[in-house]
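Quick note, the sequences are listed as chains A and B, same order. For the first sequence, position 131 (counting from the first letter as 1) is numbered 131 according to the numbering used here, and the numbering increases by one without interruption. For the second sequence, position 124 (counting from the first letter as 1) is numbered 124 according to the numbering used here, and the numbering increases by one without interruption.
Hint data in this document are derived by calculation from the structure and do not stem from the laboratory. Glycine residues also receive a C-beta, built at the ideal position from the N, C-alpha and C atoms. Among the clues, some could well be false.
Said to hold, decoys possible - Mimicking DSSO-like on lysine-lysine, the simulated pairs with C-alpha atoms at most 30 Å apart in a straight line are:
id : chain 1 : residue 1 : chain 2 : residue 2
1  : B       : K551      : B       : K410
2  : A       : K111      : B       : K852
3  : A       : K170      : B       : K410
4  : B       : K852      : A       : K112
5  : A       : K109      : B       : K852
6  : B       : K529      : B       : K692
What the hints assert, rightly or not - To spell it out: a stretch of chain B is covered by chain A in this simulated footprint if at least three of its residues, at any positions, have a beta carbon under 8 Å from a beta carbon of chain A; those stretches are:
id : region
7  : 483–496
8  : 752–764
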Amino acid sequence: MARWHGRTGRNRQEETHVTTAVSIPRTGGSGGHTAVAASARQVVKAYGSGETRVTALDRVDVDIARGQFTAIMGPSGSGKSTLMHCLAGLDTVTSGQIFIDSTEITGLKDKKLTRLRRDRIGFIFQAFNLLPTLSALENITLPMDIAGRKPDKEWLDRVVETVGLAGRLKHRPNQLSGGQQQRVAVARALAARPEIIFGDEPTGNLDSRAGAEVLGFLRRSVDELGQTIVMVTHDPVAASYADRVLYLADGRIVDEMHSPTADAVLERMKNFDARGRVS
Amino acid sequence: MTVLKTSLRNFLAHKGRMALSAVAVLLSVAFVCGTLVFTDTMNATFDKLFANTASDVSVGPEKNDDAQATGRPATVPASLREKLAKVDGVAKVEPSANSRQLTVVDGRKKNLSPTSGAPTVGTNWDESQKKSVEITSGHEPHGPAEAVLDSDTADKHGVRTGDTLRVIAAPGDFTVKVVGIATYKTTNPGAAVLYFDTPTAQAKLLGSTDAFSGYGLTAASGVSDEQLKERVSAALGSSAGDYALRTAAESKEENKKDVGSFLDVMKYALLGFAGIAVLVGVFLIVNTFSMLVAQRTREIGLMRAIGSSRPQIMRSVLVEAVLLGVVGSVLGIGGGVALAVGLMELMGSMGMKLDTSELTIKATTPVVGLVIGVFVTLLASCLPAFKATKISPMAALRDAGTPADGKAGKVRTVIGLVLTAAGGLALVAAAKADTAAAGSGMLGLGVLLTLVGFVVVGPLLAGLVVRVISAVVLRVFGPVGRLAERNALRNPRRTGATASALMIGLALVAALSVVGSSMVASATEQLDKSVGADFIIQNENEQPLSPAQSKAIRSAGDVAHLTPITTVNAKLTLPDGKTVKQGLNASVATYGEDLATETVQGRFAEVWGKDAMSVPEGFAKDHGIKLGDKLTVAMVEGRTAGLRVKAITSDDTSINKGGMFLALDTARQYLPADKMPLDMLVFAKAADGKAKEAAESLKAAVADYPQIKVRDQADYKKLIKDQVGRLLNMIYGLLGLAIVVAVLGVVNTLALSVVERTREIGLLRAIGLSRRQMRRMIRLESVVIALFGALLGLGLGMAWGTTAQKLLALQGLGVLDIPWPTITTVFLGSAVVGLLAALVPAFRAGRMNVLKAIATD
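With the hints as extra help, turn the sequences into a complete structure.
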């Protein structure tokens, strides 16, 4: 189970980096899975080269705990979205390794990566989550349809029930409100029972009430359905729904907080913003 | 100025998206310009050729279109030469002796005649020939056994000096040795030419050393062509009327008349097809601009918000259209010249050597191209430009998302349905019309209305038909198929317009294939019904059979009877006092056995008696002719006969409809032997149970004459089928251009859709649609659009074709035959076309970067 024991990365990390988010027991969980749903090891993501080189992620190590709701926070340009994209296999890394469960996804070819996203990962984007040509239900079952799998009827009913969309399944996205559209996106992410769901500012486009609704569903899916969720956000209130908040700045994980409250997060952010500026 | 700048920037920013529209303009303009350049070049070439060969004044026999087809060329007496030479102002008299009614066969009994329809010419070698050709190997012909052959024919058939050729001419066959090869200095119009010395040409081609085909006169210096013509006319006195006198300019005109009218027909036919391509191009341009405007909704909204007026927005789109039109047209004009050169090369490969250095580009050609290209583009962009002005400033603030789905409007649907219904009624009326004239008008109206109706109602049909096609075709592909279906359905207007472009070309293909196939089926049925002859024997080049050939045919064994048929030209004086020129079919009594001919009155068998004839039903009615009437029949170049009408034949036939019959013996009574027309074709009936032997015997009998074809009924049916097939293939080829433009339209729609749906594509890829599935989705959408267009086009075309057949049933097109193999092939072919159209857009969709796609605004 100690997959990365003996890897040079770990040694280097201990030598050079104090801050790390690798703090989860590496055993436990159920069904033979590790307690870690996803992890990054010494991940570097850089754009350009030479003098114009911009490092978006600078040797990041992170473990995402299974069955937990993790929020990634940080100021604009801190690399939080890049980290999520890399973890989710949407973006390639410059160096380092990304694991989903025990599968290393860095270096996977597009075909396998696509299948991995399809079968093991769920997505909720900030906007434009749904295909306008498909009904709500068709959007929800789309990943399974693409995979050629039959949706588990019972589970589907439960997911639909949880997100409260039972009456709107036949509607097209343009007949739904923004909050409802995001809930359909949440339902789609949940329906395929992925190992992990990534949300990129899932409530960024919603008003606070609709946002609270969606976040409530995400919280419940973790508590009641045992789902693993990673969410990028800049909203302290949204982050307060999470079990654990990771703070990124300048491409590095600089801090973390467990069982956050909105006030605590906000406090930390202020503090952290100031610190970010001096550094 | 700002408007122009914005337009220019937009145009350049979207040059990729504009490219295919520009190609559509380019193709249409290229076709128009290519046609013009090609026909102008042909005209110029012939002008030059005829100017080169014409004498200052030519004297020939008065042209007589009614002359009996005796196979002998018309001549002027040799004695005329002296008379002409004495005319004041004549510097030189050159007699010519030539014939176009001959066949040249090489040592392996192979016909050297051109297959392009150009003539085989035999002529005397004289000074005027040297103007257009020079002998490049060997020497000039001397004596009755020598000839010179033109180099193109020699090259094509591998004839060299020293080879022996057999010449089959009206006066008889003879053999000559090729002593030289003559090469054209100007353009060879494709004819095969054989040169003899003058006495040989006279004797062997004209059948008399006392005659010439005509004289070419050279004017003395200081005497104009017109003056010379006057003087010759005066010198000939009262006999001047027997001859045709022409100045060089008049000869040129005369020669050009035939070629010119052929070129005109070709020009307008080609321009017609170019017009269809232009029409299809309009759809493509409308679609492109609509999509570009839709994609720029936000930008246009912003322009409006910061104070652009509606006319300014309109102008900015129209200026872009003008830019597109100019770019497309200029390239198209260049393409047209290239196309003309290509056509000339093609003609070259078919035997007509055209010199590309004589390429004639009239000043009007680029102007026409530019005007058409710009005007069409501008016209096509009017609707999208108008739509752009309707964009509210609020659009700038709204989330862009995907452009609103264009649904079929109610008004539009009603108009479309009314037009289609009216068109349908017109087609029904055409099908039931009593006269062809009334019916063809209705047919035209019906075709136009149903076409416009289908285009207008296209979006509604898209909704219905695409669902049906998807249910059948796409279900197999599961969710990807469903996505493709939804994409094809999301903007029915766009799908409708894209498919309409394809529909136009395919509708014409389907209609013509139905008519063509019905023609073959009707002819076959008529052959089965009425032809009793086992064999049909005729010359391939539509020339009559020479006496020697007829004799050879008569020598065949195992033949029960032979029925020679010819046409006797005569002038009929009818009971109602009118006189008509008419070709009468002269044959023998067995004709009725070989080709069953129905009569409405009298017995056909009696027509072959002395001084008897038949007239057709309609003719009899029109002129008040009754059975037993005596008609005054003046045979051309013969005597006048009084022939009694012994039968009135039915008009309900497609073979020899409207033909009048009399016995060959009757014709012989009133025509001198040397004016008796030659046999046009001969029917043969095999002796009982000897069909095979008779066929072999007949073929052996005419083995010396490769141009004579002995065809049994099956061969003859195949001949008709091949002829119709060739014609159809040519038309399909020309319609191919319209179809290519339509396919470009599909490519363009897909490419723009892919751009428009970038975020969707990113989303789909993010949630696990593989590249392959993505490509398949785009391809399937393309296939559905193509099949939709094909279905509409084929349906419409079959309706048109069926109507045309019903209408032409009166003209002998009695059998409706829908060529299902062709229709099926076109349908399946359009699916392949759809796949091909999707290649690039699908590739691009597959290659799209997921993250960037999601982040796209």
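(message) I'd like to know which numbered hints this structure contradicts. Please list them from smallest to largest.
(response) Hint 1 is the one this structure does not satisfy, whereas the remaining hints hold.
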